[in-house]
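*Asks:* Here's the letter readout for the chains.
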Amino acid sequence: MNAMTAKIETAPLLRVEGVSKWYGHVVGCTDVSFEMRPGEVLGVVGESGSGKTTLLNCISGKLTPSAGSVQFETSRFGMTDIYALSEPDRRRMQREDWGFVHQNPRDGLRMRVSGGANVAEPMMNLGSRHYGKMRQATIDWLERVELDTRRIDDRPAHFSGGMQQRIQVARNLIHGPKLVFMDEPTGGLDVSVQARLLDLLRELVRDLRLAVIIVTHDMAVARLMADRLLVMKGGDVVETGLTDQVLDDPQHPYTQILVSSVLQI
Amino acid sequence: MSQANKPLILVEDLAKTFTLHNAGPAIIPVFERLDLAVGPGECLVLAGDSGAGKSSLMRSIYGNYMPSEGSVKVLHDGAYVDITKASPHEVLEVRRRTLGYVSQFLRVIPRVPTLQLVMEPLLENGVAREEAQERATALLTALRLPTEHWDLPPATFSGGEQQRVNIARSFIREYPIMLLDEPTASLDRENRAIVVSLIKTALGRGAAMIGIFHDLDVRDAVATRLFQVTDFKTAA
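Protein sequences appear in the order of chains L and G.
Residue numbers for the first sequence follow our numbering, beginning at 19 and rising by one.
Residue numbers for the second sequence follow our numbering, beginning at 1160 and rising by one.
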């Protein structure tokens, strides 16, 4: 019963090596390397245009890097370069092992089907066909993200922005992913809704031992969510380290500006 | 310190200098060639005027500040881990089970109820929810935080109440090593006494502590040794 010995697994889940992306002669990101372990939350911060989203897209299999490799501990093939997989295998791996929470819920949800169907769809994609089981799992997840389960058949458009984001979170976690990408997940929300969603995300990350890569330009979100940070500027990673160390004792000139520019309330 | 006991914290040749790139750059030296060791049951109290570098030293030991030179070794699972060279996930693991830090400020996600906040560190360590709740309840009771506050987020609490929530969040894990940065700063006499007894209990079970206390009563009650940070001031 005593689960005090929750040990960290030392084997990396994700290994990014020398990833660069050029758009013609325009730099997206340059020579980015890092590793992630299960249960780790990595924040990627920097101003807009610094290459955060390019990096996220390269790692999440959406954008083939110009150089470097992205290796992931897949359920099906073990540690594999994701761009060495065939297109169907990669898509299948993404559906099985990953989640992707977009800033705008409309990019992550199908607006023409119900909220419940949105949550259940990943299960169906992975071969689940038992309607009763899927509906029950959907209800469980709607409860977990604190949505009114009586609204399971309402369409996403009939939910508020914060609720839509919760549907998106449920849709991306229901299949039990190992790694979840989040692109400004609280970006479009009121601060009041933001706080609750952050707390919910933190709880889920802890309970499910998820690895998360979260892109944000909000230093407060980075501090509350991330274990460690990558600071990006002009496509380069200029500083990395423990979140509180990077924010409280920044070493790079750019990070010092970034941190000292945060408004205090 | 008794010879038989291995120090739990071993700081060697530590130096810290701040470089503010966007102010010149301005170079601000804090301390250098600093050595210290703290064994089980010891509470080393950092002395020195405001600005002497007490907090900088403590934060350097916690890995919150990046020292310019030297090493900070803490005994974690029977082996020394050098905080200044360990990877982020190693430092986090050390902080999760071995090395605690109580600051003067409560920094938490808004709108989360107090009891939940105090349970959180145990839940993170894999303790079952019921046990976590039991221990959190006991600690909040010991710290005399009114029961009607437990279901409320601490944002609207008084300074002293927030401080006690902060103390509860740190002491609940029963760390072998604790760093205390003015944990009694905004507490009244009775609550200071409660915190002193928590500190003594922890020392009694063999915890090693480094503390900053401006309150002399508290300092005299818990200190086993004073440490002058100013002795290691970088020569200007």
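Among the hints, erroneous ones may be present.
[As the list claims (entries may be wrong)] For lysine-lysine, the following BS3-like pairs were computed, each having C-alpha atoms within a straight-line distance of at most 30 angstroms: (1) L:K80 to L:K251; (2) L:K151 to L:K251; (3) L:K251 to G:K1165; (4) L:K196 to L:K151; (5) G:K1244 to L:K196; (6) G:K1165 to G:K1392.
Simulated from the structure, these hints should not be mistaken for lab results.
*Asks:* Now look at each hint and say whether the structure bears it out.
*Replies:* We went through each hint and held it up to the structure:
1. L:K80 to L:K251: Distance ~21 angstroms between K80 of chain L and K251 of chain L Cα, so the pair holds.
2. L:K151 to L:K251: violated, 47 angstroms
3. L:K251 to G:K1165: violated, 45 angstroms
4. L:K196 to L:K151: Cα-Cα ~22 angstroms, so holds.
5. G:K1244 to L:K196: Holds, at roughly 28 angstroms.
6. G:K1165 to G:K1392: holds, 27 angstroms
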